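Novice: Residue numbers (this note's numbering), protein chains in the order written: chain Z, 45 to 400; chain D, 45 to 400.
Mixed in with the good hints there might be a few duds.
Identical copies carry no separate label here, and so any pair may be met within one copy or between two of them.
[Claimed, not checked] Result set (SDA-like, lysine to any residue): computed pairs, CA atoms no more than 20 Å apart in a straight line:
1. Lys63 - Asp371
2. Lys300 - Gly312
3. Lys46 - Leu168
4. Lys63 - Val342
5. Lys108 - Ser328
6. Lys108 - Leu286
7. Lys354 - Ala214
8. Lys63 - Pro370
9. Lys300 - Phe218
10. Lys108 - Phe311
11. Lys354 - Glu389
12. Lys300 - Gly181
13. Lys80 - Ala109
14. Lys228 - Glu195
15. Lys354 - Leu388
16. Lys162 - Arg68
17. Lys66 - Lys354
18. Lys378 - Ser229
19. Lys221 - Asn131
20. Lys80 - Asn390
21. Lys255 - Asp223
22. Lys378 - Asp363
23. Lys221 - Met45
24. Lys221 - Pro156
25. Lys66 - Val128
Everything labelled a hint here was simulated from the structure, so no lab data went into it.
Please read these numbers as outputs of a predicted model, since none were measured by experiment.
Number of protein chains: 2
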Amino acid sequence: MKRTVLIMAGGRGERFWPKSRKNRPKQFLSLTDDGKTMIQLTVDRIRQLVDIEDVYIATDRAYKALVQEQLPEIPEENILCEPVGRNTAPCVGLGAVHMAKKYGDAVMIVLPSDQLIKYNAIFLTALDDACAVAEQGDYLVTLGITPDRPETGYGYIKFLPDRPLDRAFAVERFVEKPDLETAKSYLAAEQYLWNSGMFVWKVSTILANIKRYLPETYAGLQRIREAIGTAEEQTVMERVFLGFQTVSIDYGVMEKAESIYTILGSFGWDDVGSWPAVERLQTSNEFGNVVNGNAVTVDTWRTVIQGGEKLIAAVGLEDMIVVDTPDALLICKKEHAGDIRKVLENLRICNCTEYL
Amino acid sequence: MKRTVLIMAGGRGERFWPKSRKNRPKQFLSLTDDGKTMIQLTVDRIRQLVDIEDVYIATDRAYKALVQEQLPEIPEENILCEPVGRNTAPCVGLGAVHMAKKYGDAVMIVLPSDQLIKYNAIFLTALDDACAVAEQGDYLVTLGITPDRPETGYGYIKFLPDRPLDRAFAVERFVEKPDLETAKSYLAAEQYLWNSGMFVWKVSTILANIKRYLPETYAGLQRIREAIGTAEEQTVMERVFLGFQTVSIDYGVMEKAESIYTILGSFGWDDVGSWPAVERLQTSNEFGNVVNGNAVTVDTWRTVIQGGEKLIAAVGLEDMIVVDTPDALLICKKEHAGDIRKVLENLRICNCTEYL
């Protein structure tokens, strides 16, 4: 069966402010040493598995030019522009109806555009295994990540080791982000995986599940499907998307559906959720500092500095994030990285939209 | 007797990097809310006491243009340019020989150019009292500051409460910067004052003391005195200053001299020794933050932010100093403020002189 990929690239990535902005969110930034952006790396990764004309990018209308600039090899008709973001369920559905219209049916690999994977050969094997399962029937297959720390920032997948299907295992349930004690027990139990947000299924299977669990969304998707390629397409997209319920594919479908299977992945996955994660991705010096740009550090430890030409002098810092851009500077204690959104809230309140 | 003022303005003020630079040290910066520079405030302060044509500025040759720009009312011949810095003893001596040549003798008030005083009327009264003592005989009068905290960053003056002279008291000795325990005992003893570096004496008195305790410096000063106003002045200044021993007036004269008296000053003196001192000078908000420029603070406490147009977002900071300038940014834990000089050392080593 034809294999396709849908890359979801509509996120705003506020947690990487001030490097990420409303006009250039995280997936369009380079956060690694190699200079490629997150979405470029995502496409590079699956080139061996899928033809480029079978790769779809779902993104916000505002980012179409960025996608074309960074991924000129993607056919324009494969760039699916959402008039407004409604979370991942409408996004996945949009990809599915486009693929259904073009291919009838296909195995559809759904990938976020802003994650990193260290061991690509292992990742491709895992995707291949997931495709093999998905092809066999109406299964929803997720890539679960074998945890190596009691992470409280991710949702988990509980699987059943005694119910394998090929190289996958049946999923018992999805669980919310745990507290530290619970996360430790999950790690010890060896029956929990991180929910990576990567999925594999047939187009027909996911559409059937959307029809069952999100019937209104399904109805909207059908209207879009009929309009694809017609003069009405833009108008219908606009009207339907504005009416869509905002709901994730996890909450809207996966947590309710049956016949879910998971592939156990150990391929150096990182969702690069916020600035402190950059430490895991880039080379740190003997003081644990990750420094990009023109910087002098004195008695500074475990600190991430992302600058440019301006000289940044850090004296006596510990566990900090410093991000300098031409018009905005962030200085943040690592453990407060979650509060960066409060900066953006403040900026919205004072109508300083130029910094968003 | 004629009263004159010598303002010493040759310091480099590295502790205020990156706002202070080799080309614009601390005394030429504004660190207060009112926008005036330190040296402008110093001159403003004594205008009621002394005619402007009797105010002398001793500075490094490199800063002459800055002095003229910031203090256009000072006669050019009163700007005494040192070819090279040799600490305060040669500087005071240079002022003294100029005044001796012009006035024969005078009461000479010596003031640093980079201190702040909150209650100027009280300060002027103290200076007036000091002048009255100095006029009476060959006394070296210092302004001692009544301490209000066990400060370890200043030298102290021990005075003798039972040996008054008018409104002054005899000084028993000068003591070096103490450790915290010693500083606490000084505060409790009520017989110790902070050494402010402000002095009052007759020109003839200080020259006699330099002759006695620093005879080589005195000899050089005599050569300068003879050359003042001649075609040779520049050449002589250059040759003599290069040959001067580098020595402070405190170490070279005051710690050895006799007949030293001190006036007890309580006029809101602050030497603004380093960035953390800015907190004492400017209005802080309810979180103890002192913020200048365009900043958003989230969960940030007791932090000094000195910025400009660039947006500075501070998240989860405590007891930090953030100073942003167009080409260099400092982020420093307050207790490490003394290590700012290490940044400058690093910059010298890597030959990044544009930032010094």
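Novice: The structure should be examined with respect to each hint, and the outcome stated for every one.
Specialist: For each hint, the structure was consulted:
| no. | hint | result |
| --- | --- | --- |
| 1 | Lys63 - Asp371 | both (10 Å within a copy, 19 Å between copies) |
| 2 | Lys300 - Gly312 | neither (29 Å within a copy, 71 Å between copies) |
| 3 | Lys46 - Leu168 | within (16 Å within a copy, 91 Å between copies) |
| 4 | Lys63 - Val342 | between (24 Å within a copy, 18 Å between copies) |
| 5 | Lys108 - Ser328 | neither (35 Å within a copy, 46 Å between copies) |
| 6 | Lys108 - Leu286 | within (19 Å within a copy, 68 Å between copies) |
| 7 | Lys354 - Ala214 | neither (53 Å within a copy, 53 Å between copies) |
| 8 | Lys63 - Pro370 | both (10 Å within a copy, 18 Å between copies) |
| 9 | Lys300 - Phe218 | within (9 Å within a copy, 81 Å between copies) |
| 10 | Lys108 - Phe311 | neither (30 Å within a copy, 65 Å between copies) |
| 11 | Lys354 - Glu389 | between (27 Å within a copy, 18 Å between copies) |
| 12 | Lys300 - Gly181 | within (18 Å within a copy, 98 Å between copies) |
| 13 | Lys80 - Ala109 | within (17 Å within a copy, 50 Å between copies) |
| 14 | Lys228 - Glu195 | within (8 Å within a copy, 49 Å between copies) |
| 15 | Lys354 - Leu388 | between (24 Å within a copy, 15 Å between copies) |
| 16 | Lys162 - Arg68 | neither (24 Å within a copy, 49 Å between copies) |
| 17 | Lys66 - Lys354 | between (24 Å within a copy, 18 Å between copies) |
| 18 | Lys378 - Ser229 | neither (25 Å within a copy, 41 Å between copies) |
| 19 | Lys221 - Asn131 | within (18 Å within a copy, 63 Å between copies) |
| 20 | Lys80 - Asn390 | neither (31 Å within a copy, 32 Å between copies) |
| 21 | Lys255 - Asp223 | neither (34 Å within a copy, 76 Å between copies) |
| 22 | Lys378 - Asp363 | both (6 Å within a copy, 16 Å between copies) |
| 23 | Lys221 - Met45 | neither (35 Å within a copy, 82 Å between copies) |
| 24 | Lys221 - Pro156 | within (19 Å within a copy, 61 Å between copies) |
| 25 | Lys66 - Val128 | within (14 Å within a copy, 53 Å between copies) |
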